[in-house]
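Last residue of the sequence shown? That's 181 in full-length UniProt numbering, and every number before it is there in order.
Some clues are possibly wrong.
Stated by the list, open to error - Once the Cα atoms are required to be at most 25 Å apart in a straight line, the calculated SDA-like pairs of lysine to any residue come out as:
| no. | residue 1 | residue 2 |
| --- | --- | --- |
| 1 | Lys139 | Glu97 |
| 2 | Lys34 | Gln167 |
| 3 | Lys59 | Pro25 |
| 4 | Lys139 | Pro83 |
| 5 | Lys24 | Ile67 |
| 6 | Lys34 | Glu97 |
| 7 | Lys139 | Gly55 |
| 8 | Lys24 | Thr162 |
| 9 | Lys132 | Thr162 |
| 10 | Lys59 | Ser102 |
| 11 | Lys132 | Ala105 |
What the hints assert, rightly or not - Label pairs and their computed distance ranges (CB to CB):
| no. | residue 1 | residue 2 | range |
| --- | --- | --- | --- |
| 12 | Ala101 | Leu168 | 30 to 36 Å |
| 13 | Gly32 | Gln167 | 17 to 23 Å |
| 14 | Ile141 | Gln87 | 30 to 36 Å |
These are computed hints drawn from the structure, not numbers from a lab.
The beta-carbon is built from N, C-alpha and C at its ideal position, and this holds for glycine as well.
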Amino acid sequence: MNGGRRESNEKEDQSKASSSVIGKPFHSTIAGLKCIELQTGNDPRGTMILLHGYGANAKDLESVATILATQIPAMRFIIPQAPIQLQPGMPSYAWWELDVASLMAKAAISGPDALFVGQSPDVATHTTDLLKDVIEHEKRIFQIPNHRIVVGGFSQGSWLATNVALQLKTLGALVVYSGVL
Numbered sequence: 001m002n003g004g005r006r007e008s009n010e011k012e013d014q015s016k017a018s019s020s021v022i023g024k025p026f027h028s029t030i031a032g033l034k035c036i037e038l039q040t041g042n043d044p045r046g047t048m049i050l051l052h053g054y055g056a057n058a059k060d061l062e063s064v065a066t067i068l069a070t071q072i073p074a075m076r077f078i079i080p081q082a083p084i085q086l087q088p089g090m091p092s093y094a095w096w097e098l099d100v101a102s103l104m105a106k107a108a109i110s111g112p113d114a115l116f117v118g119q120s121p122d123v124a125t126h127t128t129d130l131l132k133d134v135i136e137h138e139k140r141i142f143q144i145p146n147h148r149i150v151v152g153g154f155s156q157g158s159w160l161a162t163n164v165a166l167q168l169k170t171l172g173a174l175v176v177y178s179g180v181l
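All chains should be modelled from the sequences, with the hints used to inform the complete structure.
Shown next as structure tokens:
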């Protein structure tokens, strides 16, 4: 009788261990965006979408997702790559284009606060819609409800994450790294 209880406990322990196993990152395409995906366990209960900054790429946030995956069980991590390649042959991408030289000249003349006067990247509407499509994919394919979806970003990616979070209003959390709001 005691042996049966021990066997049952061993199965529970194995089940708990397998739910926290971190899979290897893999490449995919979601909503037309090239992505890196990582998942802990076989039955994800939430998704974190991480967006890189201007001039970076999805690979830049892969280590962040890997570290987070060791702490958060049953979670999917998606790192989309921005659709605009800044220089042919270089691994630098943007969610929308910036005229960096013009921004720097403006800051030199009027100070750094002038950079953000009147800056509302309407051109980011397309990438906002793409990110919403990634969220819809998670809801449809993995049955992840909005309140279990986290969007986060670094720099330009944080602006996009904030924009989507404010529009959808029901996401689980917003994570902003080095964002300027």
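Here is how each hint holds up against the structure:
no.: 1; hint: Lys139 x Glu97; verdict: violated (29 Å)
no.: 2; hint: Lys34 x Gln167; verdict: holds (23 Å)
no.: 3; hint: Lys59 x Pro25; verdict: holds (10 Å)
no.: 4; hint: Lys139 x Pro83; verdict: holds (22 Å)
no.: 5; hint: Lys24 x Ile67; verdict: holds (12 Å)
no.: 6; hint: Lys34 x Glu97; verdict: holds (18 Å)
no.: 7; hint: Lys139 x Gly55; verdict: violated (29 Å)
no.: 8; hint: Lys24 x Thr162; verdict: violated (28 Å)
no.: 9; hint: Lys132 x Thr162; verdict: holds (12 Å)
no.: 10; hint: Lys59 x Ser102; verdict: violated (28 Å)
no.: 11; hint: Lys132 x Ala105; verdict: violated (34 Å)
no.: 12; hint: Ala101 x Leu168: 30 to 36 Å; verdict: holds (34 Å)
no.: 13; hint: Gly32 x Gln167: 17 to 23 Å; verdict: holds (19 Å)
no.: 14; hint: Ile141 x Gln87: 30 to 36 Å; verdict: holds (34 Å)
The structure is inconsistent with the numbered hints 1, 7, 8, 10, 11, although it conforms to all the rest.
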